[in-house]
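S.K.: As a plain string of letters, each chain reads:
2 protein chains.
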Amino acid sequence: MAEFSLIEKYLSRVTGQCEGLELGIGDDCALWQPPAGKQLALSMDTLNLDVHFLACSPAHSIGHKALAVNLSDLAAMGAQPVWCSLALSLPDADELWLAEFCRGFAELAKQSGIALIGGDTTSGPLSITVQVAGLIEPGKALRRSNALAGDLICISDRLGEAACGLDMLLKPLVTDIKQAKPFIKCLEYPNPQLQLGQYLSERAAGHACLDLSDGLASDLAHICRASKVVAEVDLEHFSGEHLPKNLTQQQAYQKQLAGGDDYQLCFTLNASELAAVQRQFPQVQVIGKMRQLASHEVTPHIEWLKNGQAVALQLKGFEHFSK
Amino acid sequence: MAEFSLIEKYLSRVTGQCEGLELGIGDDCALWQPPAGKQLALSMDTLNLDVHFLACSPAHSIGHKALAVNLSDLAAMGAQPVWCSLALSLPDADELWLAEFCRGFAELAKQSGIALIGGDTTSGPLSITVQVAGLIEPGKALRRSNALAGDLICISDRLGEAACGLDMLLKPLVTDIKQAKPFIKCLEYPNPQLQLGQYLSERAAGHACLDLSDGLASDLAHICRASKVVAEVDLEHFSGEHLPKNLTQQQAYQKQLAGGDDYQLCFTLNASELAAVQRQFPQVQVIGKMRQLASHEVTPHIEWLKNGQAVALQLKGFEHFSK
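Chains as they are written, first to last, in full-length UniProt numbering: chain A, 1 to 323; chain B, 1 to 323.
Mixed in with the good hints, there may be bad ones.
If chains are identical, the list can't say which one is meant, so a pair holds when it fits in one copy or spans any two.
Mimicking SDA-like on lysine to any residue, the simulated pairs with C-alpha atoms at most 25 Å apart in a straight line are [claimed, not checked]:
#1 38 to 21
#2 140 to 245
#3 245 to 48
#4 140 to 26
#5 9 to 249
#6 185 to 135
#7 316 to 150
#8 228 to 21
#9 245 to 150
#10 38 to 140
#11 38 to 100
#12 9 to 300
#13 316 to 172
#14 185 to 222
#15 38 to 298
#16 306 to 285
#17 181 to 170
The hints are simulated quantities; they were obtained by calculation from the structure and are not laboratory data.
Could you put together the complete structure from these sequences and hints?
M.R.: Structure (structure tokens):
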């Protein structure tokens, strides 16, 4: 089957429309007229086989996740999705796989109101890159550098389930399938927090924000550095009751604080905004507070607290190329 | 070396500025304010190892080409480059390779006035995806569907050198290195025809246009189909004098008409525009003419002419997944 007809057949089902789109897939470029007065929020993320997903995961979930992790970046700025493009490298033209992948991608695209306007399908090891664009009012983006000393630190929902799901996928022989299902679902079907991000941005309720892709310990540290503050995080919020019962407390910390792939938002706000945010988004939890660097401190960082006392936590992180 | 510092170190040298860029690399999204009244032309292309380039090619050339093939899509619409993002999958953190890749990418970015505003660096088989955006006046894009019967068919420069270069790279033992150099350079350093594309679009001199990535036979057929016309191409323009002397005429046709990777433009215009275009761009050649479908013809197609007579040409094309 020729590349052109492959693209035509499956991606044309994904497309959809966005305002201002004059020309979609099929020419050298798409043509799009941006709306007056808005800024574009732009992000690009790649998923590779055996790095970001496993061969055993359904193609439908890979299509979902490839778009979801990108939408999550838009959510973290408070932007409204508008268009995306998709680069798909496939080792062979497996039509069944492609159909399912496109179905997963298209369902989330429709649900989040984003149009696929272009892309590329090439032969190569399985790899997916998505570019997303979102709209936002100038000055309203939730930047990492916007946290203030005194801000509460919040997360959009509990953490660690995706990391548990990955463990279960990697150890199929010792996994209770029924118990594993919801955790694997968290891993394979992350839910980008678009509504929350837009709420925080539009009402100016949130200050700094990012999405948790690499784990809280590593991601929250980005906010600390960009905003030059210290994050005091209270470990009592991470008992891990929602995680499998066989985890030790240390393992539960590891999953929640250093496990990746949650794609929840971590954000800061003034305490006066909390009640209004939680009325709209009851899953939102406070996990700590930002403070100024003390006079003897040089480096912005995270402080883990137990009963008000700073404790040392040994967390294993994950970084590409960190061999 | 951690992913973050890798990106910081090399990609930050590539960046540069574009008008309206409020926030570049380093947050969940870049933030960019599009200029009022312009359209965006958007394209995304992937290069994979052993499909689009060979391991023996210098990293500098791969960086150049990854951006060049995308800029070529902007050229084909007549758009002016504004920003790009880069997704780079690397099997390991080879700093020397990365430094050279970024140098090749950055040099072309600077030369063409495009800013790198974001991207992703991941672990995986070597693969590069670039998204580009260009600006264009509404209604001025050189679409494939704009060719008219009676239009002259032009190419921006002679063809086939890149395909010869690929042959030479694949057969190093029988290749005369000195003779091969300019051909391999055409393959590894395509030169996106941005000025010509913008000229054709701004002065409304060009009608349909596309860039020749897969070969004239396959690409020009896209214009025929989109514009519902027949292309009469005169083979006398393809004697192949500029190609290696040991090629037969049939081999020279193959390289020029079905060889990929030239990244020249193929476009149509009214004959009255030709002289002005050639004054600015003396390499531009006429290769044929568009005509209406005859009453007995159903399908838009290309007709190869020799001394005014249609001839059958056997050309081998290349399409991904066409196993």
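S.K.: All the hints need checking, so say for each whether the structure fits it.
M.R.: Status of each hint after checking the structure:
| no. | hint | verdict |
| --- | --- | --- |
| 1 | 38 to 21 | both (16 Å within a copy, 13 Å between copies) |
| 2 | 140 to 245 | neither (42 Å within a copy, 63 Å between copies) |
| 3 | 245 to 48 | neither (31 Å within a copy, 44 Å between copies) |
| 4 | 140 to 26 | between (35 Å within a copy, 17 Å between copies) |
| 5 | 9 to 249 | neither (50 Å within a copy, 38 Å between copies) |
| 6 | 185 to 135 | neither (29 Å within a copy, 41 Å between copies) |
| 7 | 316 to 150 | neither (29 Å within a copy, 68 Å between copies) |
| 8 | 228 to 21 | between (41 Å within a copy, 23 Å between copies) |
| 9 | 245 to 150 | neither (35 Å within a copy, 76 Å between copies) |
| 10 | 38 to 140 | both (10 Å within a copy, 23 Å between copies) |
| 11 | 38 to 100 | neither (35 Å within a copy, 37 Å between copies) |
| 12 | 9 to 300 | between (51 Å within a copy, 21 Å between copies) |
| 13 | 316 to 172 | within (23 Å within a copy, 48 Å between copies) |
| 14 | 185 to 222 | neither (27 Å within a copy, 43 Å between copies) |
| 15 | 38 to 298 | neither (38 Å within a copy, 46 Å between copies) |
| 16 | 306 to 285 | within (17 Å within a copy, 76 Å between copies) |
| 17 | 181 to 170 | within (13 Å within a copy, 50 Å between copies) |
In summary, the numbered hints that this structure violates are 2, 3, 5, 6, 7, 9, 11, 14 and 15.
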